[in-house]
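Respectively, the protein sequence lines represent chains A and B. Heads up, the first sequence is in our numbering, so the first residue is 1 and it goes up one at a time. Heads up, the second sequence is in our numbering, so the first residue is 1 and it goes up one at a time.
Take these hints with a grain of salt, some might be off.
Pairs of lysine to aspartate or glutamate residues, derived as EDC-like cross-links and limited to a Cα-Cα distance of at most 20 Å, are as follows [what the hints assert, rightly or not]:
#1 A:K170 to A:E143
#2 A:K162 to B:D93
#3 A:K162 to B:D92
To be clear, the hints were calculated from the coordinates, so they are not data collected in a lab. Just so we're clear, the structure is a prediction, and the values are computed from it rather than from any experiment.
The lines below spell out each chain.
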Amino acid sequence: MTPDDVLMAFEAALLDADRAGAARLLRTLPTSAGQVAASGALLADRVIVPALERIGSAFERGDVALSQVYLAGRICEGLLDEIAPAPDVTATPRPRVGVAALEDHHLLGKRMVLSVLRAAGFAPLDLGHGMRAAELARRAREEQLDALLVSALMLRSALRVKDLVAILAKDGGPALPVIVGGAPFRLDPALAGEVAATAWGRSASEAPRLVMSAIESSRGAP
Amino acid sequence: MIGREPEALTPAQRIERVLGGQRPDRFAYFLNAGLHAAGLLGVPLEDLLSRVDLAVEGALLVQERLGNDLVTSFLHAAGEAQAFGGEVLFFDDGPPNAGTPPLGLASLASLRPPPIDHPALALRVEVTRALAARVAGRIPVAGALVAPFSLPVMQLGFSGWLDLLHEAPREAEHLIAVNLDHCIAFARAQLAAGASAILAFEPLASTQLVAPRIFHDLGLPALRRFGAAIGAPFAVSTASAPIAAVANDLVDAGALMIGASDQDDLVALEAATSGKAVILGNLNGLRMRAWTPGDVDREVRALVARLPASGRAVVTEHHGEVPLAVPFDTLVHVAQALRRHGRLPRRADG
Ligand code: B12
Numbered sequence: 001m002t003p004d005d006v007l008m009a010f011e012a013a014l015l016d017a018d019r020a021g022a023a024r025l026l027r028t029l030p031t032s033a034g035q036v037a038a039s040g041a042l043l044a045d046r047v048i049v050p051a052l053e054r055i056g057s058a059f060e061r062g063d064v065a066l067s068q069v070y071l072a073g074r075i076c077e078g079l080l081d082e083i084a085p086a087p088d089v090t091a092t093p094r095p096r097v098g099v100a101a102l103e104d105h106h107l108l109g110k111r112m113v114l115s116v117l118r119a120a121g122f123a124p125l126d127l128g129h130g131m132r133a134a135e136l137a138r139r140a141r142e143e144q145l146d147a148l149l150v151s152a153l154m155l156r157s158a159l160r161v162k163d164l165v166a167i168l169a170k171d172g173g174p175a176l177p178v179i180v181g182g183a184p185f186r187l188d189p190a191l192a193g194e195v196a197a198t199a200w201g202r203s204a205s206e207a208p209r210l211v212m213s214a215i216e217s218s219r220g221a222p
Numbered sequence: 001m002i003g004r005e006p007e008a009l010t011p012a013q014r015i016e017r018v019l020g021g022q023r024p025d026r027f028a029y030f031l032n033a034g035l036h037a038a039g040l041l042g043v044p045l046e047d048l049l050s051r052v053d054l055a056v057e058g059a060l061l062v063q064e065r066l067g068n069d070l071v072t073s074f075l076h077a078a079g080e081a082q083a084f085g086g087e088v089l090f091f092d093d094g095p096p097n098a099g100t101p102p103l104g105l106a107s108l109a110s111l112r113p114p115p116i117d118h119p120a121l122a123l124r125v126e127v128t129r130a131l132a133a134r135v136a137g138r139i140p141v142a143g144a145l146v147a148p149f150s151l152p153v154m155q156l157g158f159s160g161w162l163d164l165l166h167e168a169p170r171e172a173e174h175l176i177a178v179n180l181d182h183c184i185a186f187a188r189a190q191l192a193a194g195a196s197a198i199l200a201f202e203p204l205a206s207t208q209l210v211a212p213r214i215f216h217d218l219g220l221p222a223l224r225r226f227g228a229a230i231g232a233p234f235a236v237s238t239a240s241a242p243i244a245a246v247a248n249d250l251v252d253a254g255a256l257m258i259g260a261s262d263q264d265d266l267v268a269l270e271a272a273t274s275g276k277a278v279i280l281g282n283l284n285g286l287r288m289r290a291w292t293p294g295d296v297d298r299e300v301r302a303l304v305a306r307l308p309a310s311g312r313a314v315v316t317e318h319h320g321e322v323p324l325a326v327p328f329d330t331l332v333h334v335a336q337a338l339r340r341h342g343r344l345p346r347r348a349d350g
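Here chain B stands alone, though its shape is the one from the complex (with noise of 0.2 Å):
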């Protein structure tokens, strides 16, 4: 059990230095395995991800064979298009995935955000609330949610967001205020339930998935009214699509921690942020199914040297979630490389 592993410090700590501009001990991780945490429980993927019991031992069963320096009370993204009308479609071999969009033009003029009390939302709030009373000071808990700009792709469609923004963008601007407003009463339930900070994914910040204009005009103005409201630190990410094109702008519109892609030069990012952000990833979960323990070595003190010296950054795959396909004894090797290779400061070399 890596997690019982004796360190300086505990992943509080090493969370707050890394959050306060401190260097840590050593690289902090948070290896997400949330799907394989049904299989350490010999639980089917559907009660894992439904059940607020299970979705709290398997998260500390995760944390604890892999020294996880986070928690996180997500369960899976198409909650917050359920919460919107829509349905959850379950597999027993890959996350849930949102079903038929239950939005479309002629819902928009009357929608309201979901009651923060809506059986899908309250899900998640109740896993924050049980997990930080479970990890109460001695690992942080993360909450997170789907960003007012990228909750429309559940909602109408991918095609669907897209014609609306370039044929409506009123009523584009219209979803994402309601959007808004419902991301600040999330992240504040998730908050007020011991969530210290919240990760946001808001992949269609990214400029490979929409024109950086309309992303500026729209996403932008959102994601800084957001992060406002909630004071709290809080993360975006882009679900793996390359980020530095907009870092700065989302680090001036408050964002702490930046999810990079591994398509990003982690050097250019941290540059391209003056080091202000707190950099997150960015292994690729996808390609990490086929690594033997020799990849992982060399792959884990690639990525340490790729990182910023400061130790500001958190080691996650880059979309977020380890893909099941990915064995748990590589996640393990992972972690131990992370321990063996991850030390600060870092040697001069590597």
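Pulled out of the complex, with its shape left as it was, chain A reads as follows (with noise of 0.2 Å):
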């Protein structure tokens, strides 16, 4: 098997909910792509993620559904434990990114958004639900994230993301960028710039590429 091929089965694996295929496609990896596995970084890197922003892909043009898009991350946020297990010095280092539900009480996409950065090798914080701005602002803070991650399901949760981004921006703190979604994010487009965030996602699987890049262009802000 090429890479590539490991890829699409391993998409396709997680599409069926298929846990032990999965890992069992990424067991075969060491012998059929020299040492791509032997660290477990790279791992998520060539495969994990590759696969579920594919999968992310496939849910933002209607061809799979939540639930697959929900089981997939949960599988995966496993598996690097269970396969690669050792901690990684070669790797560069995962930023250190929170994810919360701000005044919200949904919490599916906070835990999908979770799953996806575990398995891209992130050691994401859990900040809860149901916080306020201003709490979770200074929570941010506490914990000096590099990014902060938000999921809202419910309007009026999501138009507070603008008083977040407000505090955040006076409180003296070093830019931190704030990167959202959530189903009023899908339905209406507009929002995201509306509450000034940072960026916004329509599907968890994007994730650990919008960190990346959000924090890569907030270093290269003056």
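Reassemble the complex: the two chains are provided individually, in unrelated frames, and hints are given to aid placement.
Listed below in structure tokens is the structure:
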């Protein structure tokens, strides 16, 4: 199997919620693709993240269901520990990120973002739910996050991101990207701009890429 | 007061035509501004949504201001989770939400449907009764409920429900069976109190949310039994998630009305259901927040052009309820534009 074949087969196993099959494929990688699997982070970067991203794009096109995106993320979050449990010294260190549901009690979106980030080799902090903007801003600073991800399902919660961004802009801390997602953002693509979010995603699978590019551009900014 | 303007048909006559397959005088519409009623009455949202008298006054006031062709006794979905032991969290600037999910795997085996006189259910039945008494014969009352396959999202949490479906399909099936009994009893109580149709919210029927095979195996049979048991017209809404891919199955299962998302192509939807279903939809309330009067006019014209020429449609927000953040004046403009541009038969130039 070429690495591409493995990727396709891995994606198919995830869409079928076939955890054992997905794990078996990852284990075949060291032999079929040389050193690729030597590092957990490389495994994440070359196989897990691309597979989840492809599943995310298929969700955006309407070709796979949210239930499949959820199960794929859930399967992947455990795989990395199982297959490459050793701490990684060679890989680039992952940024410090936190995920929260701001004044919202709907937790699947947050759960999915956490799964995808874990599967991608991040160690995201679960900042919980139901918090107000000021409290979440304070927690994000305490934890010295490099990026904050917020999931919202209700419009009133999504609109609170505006307060969050305003507080973070005024508290004297370093620029902190705020990345958002959730049904209201998907249904009204103007909303993310309205609340001054740094970036938004249609699918949880986009989270790792959005984090990396938001941090890159905030470091690049004067 | 748009609702007091004289017209050829009363709302009840118009809806009867729409459901019966005859062309009405204009497109029927139902801009459900249930939450806005609190502001119109000057009462806190929690009171409006907890008291029969306020809920009824609010629904009637909105109907009068917007000239809606329906009124509903729906208050909030979280009440149905409350009937199973959940809590309701109220806010003053948006709809209430269900709190921590009340059920778990361990509680399923002994689970029974809640009694129909549970306060959360009785409230909705009493609102139905009081509304029906006030509008008798003039405006149809739509009852509502969360359907058997989607209710578990509030009972177990969304991830809890997806996990159960994949890991314990027999328990999942049992929960759907309990929910089906509950839905039948709740629908019958609303119908007996004077509702003329039931809006069933089944967003997990959408292929956007759950893989189609699972809904076909578990959700669809329950809906079919639901329809057969209640013996009244019912709608299936996927709460703004795309419905086209399952619409024909839903019609086949007995749904007379199908709630379309703004992501659904209405012309294709009509074709997919061979014109057999009444289409509800498909204004996107979240986007309506920013509409100017000019936008309203343009959007309403575009919508009317997409709707079936037969008039077999009821214009609604695609999720069912207009978000509170949409100014009430915008809704007044939408209602006026619908009356202006929605006359039937439709002129060739739209
Ligand atoms: C299923 C559904 C229901 C079900 C279950 C709800 C639940 N989860 O508890 C039922 C029928 C019970 C229901 C009820 C209600 N609902 Co509802 N519902 C939906 C629906 C169809 C899907 C919601 C859902 O849970 N999706 C699952 C989550 C995980 O999806 P998601 O947030 O989109 O996440 C994806 C992406 O957005 C992304 N993502 C999510 N977070 C993040 C974060 C980051 C950083 C990134 C990058 C990506 C990302 O990843 C996911 C995919 O990979 C939506 C409309 C829609 N088309 O999506 C309305 C919707 C959420 N409902 C809405 C409302 C208002 C309600 C009610 C309040 C109605 C009422 N008056 O009672 C109640 C509240 C119920 C409750 N729980 O308390 C509104 C909310 C917006 C608003 N108007 O305020 C929506 C958006 C409908 C609409 N068009 O307006 N609902």
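Here's how the hints hold up against the structure:
Using a Cα cut-off of 20 Å, the hinted pair K170 (chain A) and E143 (chain A) holds, with the two alpha carbons roughly 18 Å apart. Taken as a hint, the K162 (chain A) and D93 (chain B) pair is honoured in the structure, with Cα atoms around 15 Å apart against an allowance of 20 Å. Restraint check for K162 (chain A) and D92 (chain B): satisfied, since their Cα atoms lie roughly 18 Å apart, inside the 20 Å limit.
Violation of the numbered hints given earlier is absent; every hint is satisfied by the structure.
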